[in-house]
Amino acid sequence: MTAADVTSVNVASANVTAANVTSGKTILRRAGDRGWLIECADRHPAEVATSIRAQPWASGLREVVPATTTVLVVAETAAGMGKLAAGLRTVLDGPGVHRTGPPPGRRIVIPVRYDGPDLPEVAERLGLAPEEVARRHGAGEYRVGFFGFAPGFAYLDGVPESLRLPRLSSPRPRVAAGVVAIAGNQTVVYPGGTPGGWHQIGVTTTQLWDVTAEPPNRLAVGDRVVFEAVTP
Amino acid sequence: MTVTSAAPGRRVRTRHRPPDPGTGPEPAVLTVVQAAPAASVQDLGRPGMAHLGVPASGPADRRSFRLANRLAGNPEDTPALEVTLGGLAITLSTTRHVAVTGAPAPLTVDGVPVDGAPRLWLRAGSVLAIGRPWAGCRTYLAVSGGIEAERVLGSAARDSLTGLGPDPVRAGAEYGLGPVRPVPAIPLELAFSIVPHGGPATVRFRWGPRHELFDAADRHRLTTTPWRVSAQCDRVGARLTGPPLAIGSVDLPSEGTVRGAIQVPPSGEPIVFLADHPVTGGYPVIGVVTDADIDLVGQTLPGDELRLAPVH
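Quick mapping for you: the protein sequence lines, in order, are chains A and B.
Quick note, the first sequence lines up with residues 1 to 232 if you use the UniProt record's numbering.
Quick note, the second sequence lines up with residues 1 to 312 if you use the UniProt record's numbering.
Each hint should be verified, as a subset may be incorrect.
[What the hints assert, rightly or not] Restraint ranges, calculated between C-beta atoms of paired labels, are given here: (1) A:Asp115 <-> B:Asp251: 31 to 37 Å; (2) A:Val226 <-> B:Gly131: 58 to 64 Å; (3) A:Pro56 <-> B:Thr223: 28 to 34 Å.
These aren't lab readings, by the way, just hints derived from the structure by calculation.
All C-beta atoms, glycine included, are put in the ideal place defined by N, C-alpha and C.
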């Protein structure tokens, strides 16, 4: 951290350590020359990322990457990392943010044929009929938490308690695009071409990831997703 | 460091045009005569898409890559070839300037050694061969006008982690060349690349974001160990070997990672993330190599000694 960085941080009366800036509930951890890793505390990382992207200075950011409990922010240049920290704290701790909040994500409906190869075993392990697993999965509303693991791989949060299972002990080497699967409190629509250790309960013909499209993603962080059962 | 292959049907643009004197000059083409064990098309990658799970990719040594393009008169983002450990031979259908930067390697034109000038005037039909580097591991070859390759998500960079971008460079592959550009008049002796030279390489890093999860002994060990680059080093990352850090397994949810991140898996042997690193990771990152020094890590070979020096 340069002297200039420390100065601007001090002006904002925050506690400065060698690599962390703490203020209120928010902890900013230094992540390289151009990065801050934000610990989101009680706020949802998707909301935090949306709030950051809405700032006028967000054009100076190369990456805003929400994950399970954090948001990574990477600037285009290493100059002004202290100023960036101050701006981030304003977004995170500022009084206005909690009142207005980011606009809610879009609601996306994905038709699913619940006939995945793992559905019978999932049903047996949960002590439910396969139709009931499908009904409960389709009754939920899920939220796009973040993308990771592979291009277009969106973690959707909100699998009901009664459907939660740990991942497969041995992942499949390749999972086709459109496969709908569950693991823990998350569900996913596989983007294609990746290995996969989740329980495959269905398939959709809706293409959610297409590298030839602009943009390539149909889902965005913060969107709400509903699955609608269709008959084979 | 899993590698998935490209989607079926995605291939290097290949041209098989019969001679047709009626339609003007032949297209300008680079033909791969002999393929290197690991050569790929790169440009400056896909920054800004990490939130969609897309790695930035791009050259492992960005400084040498940019230099090659500047010497060839190209914008810095123009597609060019990254050649790991030599072994590549190419020919052009038309006479052009070519620039060779990065790891210095023996060069021959039609079998005749040429001295180490970073820019050559390569005549149509002559074969330029790049041998195994004397130092470093990645050599860059840029042609005036640039090469044309498939762009995926806006970039012609081959990402070895996800398979995005053009196929790896294979013998017989042909790439179109862009319009010839004037090359800049610059003193070529100033056009040097930075690579490890046999002695220990020292790279600077910044603590964080998760250095506080490590005890003082681990932090001391990170900065005092003469680490060795292991055989597990590729465009995704370089694993270091040495006395392992004692942190063991840490319960940390996945979080965004940056190029240069020094990630410590439960084995305690650090991995330095390079161009094709995954966008998120679940192992603690004790520090991040500086932007100025990460290109040097991209030039290290298995067995090279690497020292990590903290900056504050």
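Violated hints, by number in ascending order, as checked against the structure: 3
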